Amino acid sequence: MKQLILILSLFSLLQANAFQASKGSVLGQISGMVVDKNLGYPIPYATVLINNAEGKLVSGNSSQDDGSFIIKDIPEGSYTLQIQFIGYKTYSKSIEISSGNKLVNIGSISLEADIASLEDVTIIAERSTIEQKIDRKVINIGKDLTTSGASAADIMGNLPTLTVDQDGNIAMRGNDNVRILVDGKPTNVPAAQLLKQIPSTSIKSVELITNPSAKYNPEGMSGIINIILHKNSNLGFNANVSTGVTFGKHTRANGSLDMNYRTGKFNFYTNIGGNFGKKDFNGRIFREESNSQDNIFVQNDNNSYLYKVGVDFYLNDKNTFSFYTNQNKSLGEPIGIIKISNFNDLSSNLTQNFFLDNEGLSSTYNFDYKREFKKDGHNIELELNYNEGENTEIAIFEFEGVGNNFTSYRDNVANDNSNTTINLDYVNPLSENSKLELGAEARMRETDNTYKTTNSNLNNANYNYDNNIYSFYTTYGQTFEKWSYQLGARLEQYNVEAVLDGVKIFEDDYLTVYPTAYATYTLSDKKTLQLNYGRRVDRPSLSQVNPVREFSTPRITGVGNPELDLQFTSSIEFNYTQNLDKGNFTGGVFYRFIQNEINQTFSIDPEDPAKLLLTYINGDDNTAFGLELSGSYKPNKWWSINSSFEIYNQNNRGFIGEKFVEYENTSFNFRINNSFKASENLTFQLFGYYRAPGQDLQFEAEAFYFVNTGARYSFLDDKATLSLNFTDIFNTQKLKFTTDEPYKQEGTLNPESQTVFVGFSYRFGGGKNKALRRKNRDDNEKDGGGLF
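Start counting at 1 in the sequence shown, then tack on 1124, and there's your number in our numbering.
Please keep in mind that the hints were generated in silico from the structure rather than gathered at the bench. Computed from a predicted structure; not experimentally measured. Be aware that a few hints might be false.
Result set (EDC-like, lysine to aspartate or glutamate): computed pairs, CA atoms no more than 20 Å apart in a straight line [stated by the list, open to error]:
(1) LYS1576 x GLU1483
(2) LYS1328 x ASP1190
(3) LYS1628 x GLU1561
(4) LYS1559 x GLU1605
(5) LYS1783 x ASP1842
(6) LYS1257 x GLU1522
(7) LYS1499 x GLU1556
(8) LYS1463 x GLU1522
(9) LYS1783 x ASP1729
From just these sequences and the hints, can you work out the full model?
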């Protein structure tokens, strides 16, 4: 660790005191590529030094993500090039810069592993940092954030642009139409469950892709969140165990075990995770016109188990094969009580009890082959991904009360789905400054939903919803001394067919183009400007289109809309990023134009005016814009601050029943995270969050805030970590709302948010670290050993 700090400090001083060549002298440049000698994979962040004949440092840089480096403005003379990276032998080469040899390209430099010097360590930065890349914002997760909780869900809410509610539902820029990838790959595990399964200490970085390029699937209005996990492609056997207990009204536990064994051309890995325990939810809804109140209590009792097994086979320097499967098993027995109190007529009081028994299995199988060509960065990759899910639920509804006009009943729901994806990507660096990417993808989805009930007011039903997507994309980009750009387009054919009880009730076919454009300008080594544009789509989910009426409570009937149209969003945004001596700052503005916006609405049920009908509709075209500011600052060695501020404005227009409503909503939120380092091994944390009042199409939410605190202690040569976190210490994380449509209501939703978490993790094994990276279709990383 001390050696790494010394190298980084030297590099910082070098950048700050870069030499100035005298006017009129010959200036040259040195470029090349740093790779692993045995595997041929790029080595990012290697230290590249230029020393003169006296051995004094003249200039330097570090290799990029793809292993490439360029050092410019080198005066005429003789030099020694040195390349260093922890765990590898130092590379040295003599270089001559002259009028006839100004541009020196070393080509591919292969670093050889220094087995004797390798140590079994994993370096995690003390504090998180932010990078602005051409198409994404990258947040490198440090110990200041991993202190904050057990899982990804606990730290996501600390990141700029993102919000996470107590159920784990995540939103970007105030919108929950967002896709989550893990190491660049989608998963059929629900997002809320997925975030709770990933231990916070397993996260290396989080990529916020608010305007994804044409290379990505265009689904999700708010963009993509890509979670990059620490990799365990280490020599020999390596493992990490992580476990934690959450104390609140109920006690919950989670844990994971990551293991890998690397030998020769093979890397084997397996990951096991689990999440167990109960969690309460309380709510109250008051109806003014009927002088009645609904009191809601739900106790979730869900257990989930996930494991992954995979192997990477490095045939040679040019060919790599990979395979993995992950299996997710979920079991749950939630219970709930809804008490309806009519203050004008107590005889009509009603209580509904419901008992659920659900079970699900989600399976994913993935195969990947990558071929590297002779030219660096020139490759082709084929990926096959198949996942399927089987979910069953038995629900029993019982009613009590003098005015009980309801009969107890039982629902049986079975949902089977499958998703097949075939993806082919081709990358060709046409020159040192330009790159062409081409790709094709086919996605076939099938869903079979069976509903059986003993409720005489409802009918048994079988609903099939299938859609296929065939797409082709291309992107082209160039990089110059100060600026770069990338243009792209994705052409997709989308067809959908819905069948209810053997009768086709809906079908549609779209041929759509999704263009993207990016431009980045580097003002200096520390300041960057970025402008981008993209078009995206939101396709309705099964729950939004399923036309089977489901009687969920005595006052609400839920039903989907099979004729729901696609929602399209065009976005443009401008970002500024600056690295400071003691921190960093990033600011951005964005504008969205939304067509056929999908809204969830309540209206009076035409079949029973005493009930509400919950469904989905396409509203009018809407607009939204916003401003984001975030940064980090370290006033001294023991105190660091991360904070962000976001303000959004959105026009909401649409129909509630037969009534057209329109609202303009402006809301903001602010968060601040303080990290206090008491000693080399002990760190304390204090986090605060405030969200201003907000208004959507139907509900107005009041402001709320909460405060968390925590501590993290490392011991046993930094192999073991003990974490403590106290969330919502003032018990203020309650959602209060009001609405006037279709009639006046006000309420409070209160999840079990005040908890204490104790976590422990330990690394063991005799392997030696070795930086291994391999290209990924979605995030430029496709390493083995990820949790999912």
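Each hint, compared with the structure:
1. LYS1576 x GLU1483: holds (16 Å)
2. LYS1328 x ASP1190: At roughly 18 Å apart (the allowed maximum being 20 Å), ASP1190 and LYS1328 satisfy the hint.
3. LYS1628 x GLU1561: violated (40 Å)
4. LYS1559 x GLU1605: Holds: LYS1559 and GLU1605 sit about 16 Å apart, inside 20 Å.
5. LYS1783 x ASP1842: Violated, at about 62 Å.
6. LYS1257 x GLU1522: violated (55 Å)
7. LYS1499 x GLU1556: Measuring from Cα to Cα gives roughly 11 Å; hence the hint holds.
8. LYS1463 x GLU1522: Holds, because 12 Å separates the two Cα atoms, which is no more than 20 Å.
9. LYS1783 x ASP1729: Measuring from Cα to Cα gives roughly 14 Å; hence the hint holds.
Violated hints for the displayed structure, listed by number in ascending order: 3, 5 and 6.
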